[in-house]
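Residue numbers (my numbering), protein chains in the order written: chain A, 1 to 115; chain B, 1001 to 1113.
Hints may contain errors.
[To be verified] Listed next, with one range per pair, are the computed distances between beta-carbon atoms:
no. : chain 1 : residue 1 : chain 2 : residue 2 : range
1   : A       : GLU53     : B       : ALA1053   : 32 to 40 Å
2   : B       : LYS1056   : A       : LYS9      : 31 to 39 Å
3   : B       : THR1028   : A       : PRO8      : 18 to 26 Å
4   : A       : ASP71     : B       : PHE1018   : 18 to 26 Å
5   : A       : ASN51     : B       : LYS1052   : 40 to 48 Å
6   : A       : ASN51     : B       : GLY1001   : 42 to 50 Å
7   : B       : GLY1061   : A       : ILE60     : 17 to 25 Å
8   : B       : GLN1105   : A       : ILE60     : 34 to 42 Å
9   : B       : LYS1068   : A       : PRO8      : 25 to 33 Å
[To be verified] Listing some non-contacts, in silico: residues in chain A with all C-beta distances to chain B over 12 Å:
no. : residue
10  : SER2
11  : ALA14
12  : THR15
13  : ARG18
14  : GLY42
15  : LEU43
16  : LEU46
17  : GLN48
18  : LEU61
19  : ARG63
20  : SER65
21  : PRO70
22  : SER80
23  : SER94
24  : GLU103
25  : THR113
Hints were generated in silico from the structure; no laboratory data involved.
For every residue, glycine included, the Cβ atom is placed at its ideal position computed from N, Cα and C.
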Amino acid sequence: DSGVTQTPKHLITATGQRVTLRCSPRSGDLSVYWYQQSLDQGLQFLIQYYNGEERAKGNILERFSAQQFPDLHSELNLSSLELGDSALYFCASSVGLSTYSYEQYFGPGTRLTVT
Amino acid sequence: GNSVTQMEGPVTLSEEAFLTINCTYTATGYPSLFWYVQYPGEGLQLLLKATKADDKGSNKGFEATYRKETTSFHLEKGSVQVSDSAVYFCALIPLQGAQKLVFGQGTRLTINP
């Protein structure tokens, strides 16, 4: 158990809908990362937050957004869903930003199926 | 840009066989290198890491050495077990810029008894 929790574990929804994925980082970790795992794209970095502030963006679609709350949990919002958004979404956390705190611990993931 | 290339899978071995999964990278400077493992139905677990040239990461019988001359970080294990069956990902974090993990495509390993 990495200490990172994600809910829900599975999500099935229809095209055009909007969903919210939730992540709670390990106790004491200030950085949260979101990754998408799909068969065709592999594991792709989406976005990073540190202590409530956005720090880095990757291949995140404009239909997707995220935020990190004062209690450090994070939510990833996916809207106007398309079939191609079906994937495993992972959250990871690390202590901070310095060179010595880059080890990222992953949650179990949320499997999103868009029908 | 930064990228990681792993050997194509799937890889199927018999129990107690020697394992090598090749990984090479492209990056500016000297990134930190990682191997993650994903067991069926689970998230990614950090298996081992190395942060500078000639460092050897090791864990659970697995080893990988950071080779800057060949920009490689090959994963090895002397005697695999059925419980090692999983997908293995090589990854890097660049020295500068965002602390995002850049992953290889993953190698599925199956160990037969």
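These are the hints, each one checked on the structure:
The supplied range of 32 to 40 Å is met by A:GLU53 and B:ALA1053, whose beta-carbon atoms lie about 33 Å from each other. Take B:LYS1056 and A:LYS9: their Cβ atoms lie about 36 Å apart, and the range 31 to 39 Å holds. Checked against the given bound of 18 to 26 Å, the beta carbons of B:THR1028 and A:PRO8, roughly 39 Å apart, lie outside it. With their beta carbons about 48 Å apart, A:ASP71 and B:PHE1018 fall outside the hinted range of 18 to 26 Å.
For the pair A:ASN51 and B:LYS1052, the supplied restraint of 40 to 48 Å is violated, since their beta-carbon distance comes to about 28 Å. Remark: the range hint 42 to 50 Å for A:ASN51 to B:GLY1001 is contradicted by a beta-carbon distance near 28 Å. The hinted range of 17 to 25 Å is not satisfied by B:GLY1061 and A:ILE60, whose Cβ atoms lie roughly 37 Å apart. Look at B:GLN1105 against A:ILE60: about 20 Å separates their beta carbons, and that is not inside 34 to 42 Å.
One distance hint, 25 to 33 Å for the beta-carbon pair B:LYS1068 and A:PRO8, is violated here, with the actual separation near 43 Å. The claim that A:SER2 is not at the interface with chain B is violated, since a C-beta of that chain comes within 12 Å of its own (minimum 7 Å). Look at A:ALA14: its CB is around 25 Å from the nearest CB on chain B, clear of 12 Å, so calling it non-interface holds up. Look at A:THR15: its CB is around 26 Å from the nearest CB on chain B, clear of 12 Å, so calling it non-interface holds up.
A:ARG18, annotated as away from the interface, keeps every beta carbon of chain B farther than 12 Å; the closest lies near 24 Å. Look at A:GLY42: its CB is around 5 Å from the nearest CB on chain B, not clear of 12 Å, so calling it non-interface is violated. Interface exclusion of A:LEU43 from chain B breaks down, the closest Cβ pair being 4 Å apart, not more than 12 Å. For A:LEU46, the shortest C-beta to C-beta distance to chain B comes to about 9 Å, within the 12 Å cut-off, and the non-interface label is violated.
Remark: the non-interface label on A:GLN48 conflicts with the geometry, its nearest Cβ contact in chain B lying 6 Å away (cut-off 12 Å). With 12 Å as the threshold on Cβ separation, the claim that A:LEU61 sits away from chain B holds: the shortest Cβ distance comes to roughly 16 Å. Distance check on A:ARG63: its Cβ is at least 20 Å (rounded) from any Cβ of chain B, clearing the 12 Å threshold; non-interface status holds. The non-interface label for A:SER65 is consistent with chain B: the shortest C-beta to C-beta separation is roughly 18 Å, beyond 12 Å.
A:PRO70, annotated as away from the interface, keeps every beta carbon of chain B farther than 12 Å; the closest lies near 22 Å. Every C-beta of chain B lies more than 12 Å from that of A:SER80, the closest at about 25 Å, which supports listing it as non-interface. The non-interface label for A:SER94 is inconsistent with chain B: the shortest C-beta to C-beta separation is roughly 7 Å, within 12 Å. A cut-off of 12 Å between C-beta atoms contradicts the statement that A:GLU103 is not in contact with chain B; the least separation is 7 Å.
No Cβ of chain B approaches the Cβ of A:THR113 within 12 Å, the least distance being about 15 Å, so the stated non-interface status holds.
The structure fails to meet hints 3, 4, 5, 6, 7, 8, 9, 10, 14, 15, 16, 17, 23, 24 from the earlier list, while all remaining hints are met.
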